[in-house]
Every structure is written in C-alpha cells, then in structure tokens.
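J.: So the chains spell out like this:
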Amino acid sequence: MLNEFIGKLESLLNQYDISEQEKQDILDDYRQIIDDGIGKELSDMTIMEMIGSPEKIVSELGLHQKHSSTTKSHGGEKLIALSPFISLIIFFVLGITKNLWHPGWMVFLLIPVTAIIVELFGKDNYALTALSPFISFIIFMLLGSKYNLWHPGWLIFFIIPLLGIIESKKEMDNLEFVTALSPFISLIAFILIGYYTGEYKYTWLLFLLVVFLGIFHEYSSKSKLILFTTLFLSTGLYLVLTYYYSWQIGLLAFIIFVVAGIYTNTINIFINGNLNKLDLFIVFMSFTSFICVGYFLDLWEISWLLLLLIPITMILKYQKAKPILTPLSPFISLIIFMILGYFFDLWYISWLAFLLIPVTAIVENA
Amino acid sequence: MNSQFKRGIIELCVLKIISEEERSSFEVIETLGAKIDVNENTIYPILRRLTKNNYFETYSKASPVGAPRKFYKITDLGLKNLKEFEKEWKQFLESVLSILGGKDNVK
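Here the protein sequences come in this chain order: L and S.
Quick note: the first sequence uses the numbering used here, first residue 1, plus one each step.
Quick note: the second sequence uses the numbering used here, first residue 367, plus one each step.
Simulated from the structure, these hints should not be mistaken for lab results.
Some hints here could point you the wrong way.
To be verified - Straight line, CA to CA, 20 Å or less: simulated EDC-like cross-link-like pairs of lysine to aspartate or glutamate: (1) L:Lys-56 x S:Glu-423; (2) L:Lys-56 x S:Glu-396; (3) S:Lys-446 x S:Glu-423; (4) S:Lys-372 x L:Glu-60.
With the hints as constraints, model all of the structure from the sequences given.
T.: Printed below as a string of structure tokens:
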C-alpha cells in the first residue's frame with residue numbers, strides 16, 4: 001500500500017515541470033515520513049491518513065504542469081497564415097461553380113486543422129487529440145446527414161476525451177489507464193444498448209464498471225474487501241428486487257454499498273465552508289424534484305438534470321471572484337444539450353451547446 | 367474556515383514548532399496533527415515551501431535504524447519572520463476579540 005503511494009506520487013510528479021533532483025527529494029522525504037511512521041508502529045492506514053492522498057499533495061505543492069514548447073517552422077507559419085484565404089477561395093469556388101455552399105463551408109475546418117498539423121505533428125504531444133474535434137465533427141455530420149443517425153451519432157464526440165486518455169497512457173499505469181477509459185466506455189455502451197434495445201433498468205449497471213475499477217485504487221486491503229463484497233451484494237439484491245418489484249425499489253439495495261463507502265472513508269463529501277440551511281434546502285429540493293419528476297412524470301432519462309442544480313447553486317454562492325461563468329458552462333451546456341435533444345429531438349444540433357464551454361472560458365479568461 | 371487563512375496559521379505553527387526544536391517532517395506532521403484539526407497533506411508542502419524561502423535549512427542525521435534522517439532547522443530569516451507573524455497574529459487576535467467582546471466571549 002505504501003509502495004503504491006510512492007509509485008502513484010512519482011507518476012503524478014512526472015506530469016509536472018520539476019527537476020529530477022527535486023522529484024527525488026520529495027519522494028525521499030515521503031519515504032522517510034513513511035519509515036518514521038512504521039518505526040512508530042503505526043498502521044498503514046494511519047500513515048496514509050497522516051500524509052494524505054498523492055493527488056492532494058501534488059496540488060498543494062503548487063507545481064506547474066509540463067507543457068511542451070513548440071517551434072514553428074517558417075514554412076509552417078506561412079501555411080497557417082494562408083489557410084483562411086485558401087479556405088475562403090475554395091469555399092467560393094465550390095459554392096459558385098457547383099452550388100456546394102453546404103457542405104462546402106466545412107473547408108473552413110482547414111484553418112484550425114492546418115494550425116494543429118503544423119504545430120503538433122511529429123512532436124511528442126497530443127496531435128491526434130487536438131485533431132479529434134474535427135475528425136469527430138466530420139464523422140458526426142456524415143452519420144447524421146447520410147444515415148440520419150444524429151442520435152446516437154453524437155457519441156462519436158467521445159473520441160475526443162478517449163484519444164486524450166490514450167495519448168496520455170505513458171503517464172499512467174495500466175489500472176489508471178483502464179479506469180480513465182471506463183466512464184466513457186460505460187456511457188457509450190449504456191446509450192447504444194439502451195437505444196437499440198430500449199432496456200435501461202439493467203443496462204445502467206454498466207456504470208458499476210467504473211466503481212469496480214475505482215475500488216482497485218483503494219489502498220487498504222480491508223476496505224477493498226468490504227467494498228467489493230458490498231458492491232456485489234448490492235448489485236445482486238438490486239437484480240432480485242428489480243425483477244420481482246421495480247427498479248426504483250431495487251435502487252435501495254445500493255444503500256448497503258454507500259454505507260460501506262462512508263464506513264471505509266472511500267465516499268467523502270468535501271465542503272468548502274459550512275453547509276447552511278439554504279444549502280441543505282437546495283440539496284433536498286434537488287433530490288426531491290429529481291425523484292418526483294422521475295416518478296410521477298416518468299422522466300428519469302432527463303430528471304437527473306435537476307441534480308445539477310446543486311453544483312450550479314454552490315458555484316454561484318461560493319465562487320466569489322471571476323471566473324464564475326467558466327465553471328458553470330459545462331453544466332449549462334449539458335442542460336441545453338439534453339433539453340434540446342430529448343424534448344425537441346434536436347440531437348443533430350444540440351451538441352453545439354458544448355461549444356459554450358471553450359467560448360466562455362476564452363471570453364472570461366482572456 | 368477559509369482554507370487560505372488556515373494555511374497561513376499552519377505556516378505560523380510550523381515555524382514555531384521548528385523554532386522550538388529541530389524536527390523531521392514526520393515529527394512536524396505528528397505534532398501539528400495532534401493539536402490542530404488540519405489536513406495533514408498540507409503540512410509537508412508548507413515545510414517544503416518555507417525551506418525554499420530559506421526559513422529553514424535541512425541537514426541529515428544518522429539513524430540507528432535505516433537511512434539517515436532529514437531534519438529541519440529554523441534560520442535567522444525564519445526566526446525574523448516568525449516574530450513578525452506572531453506579532454501580526456496577536457494583533458489580529460486582539461482585534462477580533464475586541465469585536466467579539468473580550469476573551470471570555472470566545473469558547
């Protein structure tokens with residue numbers, strides 16, 4: 001467990017811009033702290049609690065993440081500068097001579113694509129990830145316009161984070177890599193299976209893959225055993241209760257797992273400051289409205305959006321200084337995306353809501 | 367309590383603890399953790415930052431078991447800053463207490 005801690009800390013430090021000597025110094029210090037704890041006959045668990053998680057330590061150390069400096073070639077610079085004009089010419093030629101205004105406008109994608117290719121290709125960084133929004137957009141448009149598969153075609157956008165994770169693999173061990181991929185794989189599988197079979201009440205169990213892999217990261221073997229046992233127990237009980245009664249009743253089975261999570265200190269609620277009555281009221285109202293809308297209107301597919309009220313109101317309340325809109329933008333985009341897609345069947349266009357995230361970040365932070 | 371504010375207090379405590387006795391990282395974490403409800407994972411980064419700011423210097427001492435241990439010792443600059451922090455902190459506390467209506471009002 002303590003060796004895992006050092007390994008994890010080292011792998012995190014590798015992502016930061018620090019010298020080898022400084023890194024070794026930090027690792028040696030933690031080895032010494034651990035040795036001292038063992039010398040005092042403290043349990044592994046107590047030592048872990050004393051030193052904290054590697055993630056928090058690294059964030060507290062105030063290090064700067066690595067960034068690769070890229071130098072553009074003179075020819076590359078010229079190409080980037082020319083790409084808007086080339087695109088414009090191609091766009092007008094296609095439009096005037098072949099009446100291909102649509103999808104001719106897609107040639108404007110050449111502008112960012114050229115920049116990415118010139119800047120990133122051949123260098124040790126994330127060229128594929130950088131290109132993935134354009135690749136996925138083109139595939140999405142083809143799937144939508146040719147086969148009317150706007151939904152679930154939008155799932156193709158998940159290749160953006162997936163490629164990001166794949167390209168970051170060298171900074172992770174195998175378990176971290178699989179764990180990082182698991183939410184996306186579960187979500188894609190959930191939506192595809194749900195879409196084609198209409199079966200959701202068992203399909204959502206795919207998300208437990210994320211939890212299952214997450215438990216492997218637990219340091220204490222005792223906690224691991226408790227969590228695995230209660231997870232299997234809860235899942236089994238859920239299946240039985242869902243089969244004989246309803247999935248809503250089945251969900252109650254997971255209380256066992258949640259209690260085990262709290263007992264093993266795996267489930268933590270971090271609150272910046274103290275929750276007052278208003279906060280508790282917001283949390284209560286969000287959960288109540290989620291359950292009421294889901295149960296009485298049978299809108300479970302969309303009612304979970306009401307839970308987003310909790311982070312939104314907390315950001316509004318506790319984020320005193322700028323940027324305020326940037327942290328809000330993912331939630332707002334998701335709500336717009338789901339409402340347009342679900343109620344108006346505008347999946348083919350609703351994904352544009354996600355553009356709010358980078359746009360807000362640029363406007364607010366520039 | 368505001369985390370930035372708390373961090374400032376922990377810095378002061380770390381300076382004070384090491385000014386009283388040269389200690390290892392573990393001893394600092396242990397001493398402070400026993401007295402203040404503090405996120406232990408913040409202590410080492412603070413120790414490291416204060417060392418970088420030349421408030422502490424480190425040296426290795428042979429250990430009867432295992433590798434030599436690293437110890438922290440306060441520097442003159444550290445002592446000077448400790449005195450300033452202590453003074454500021456006491457003034458701040460007095461002002462707060464005067465607003466709250468005296469020491470008896472604080473539990």
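J.: Of the numbered hints stated previously, which ones are contradicted by the structure, given in increasing order?
T.: Of the numbered hints, just 1 does not hold.
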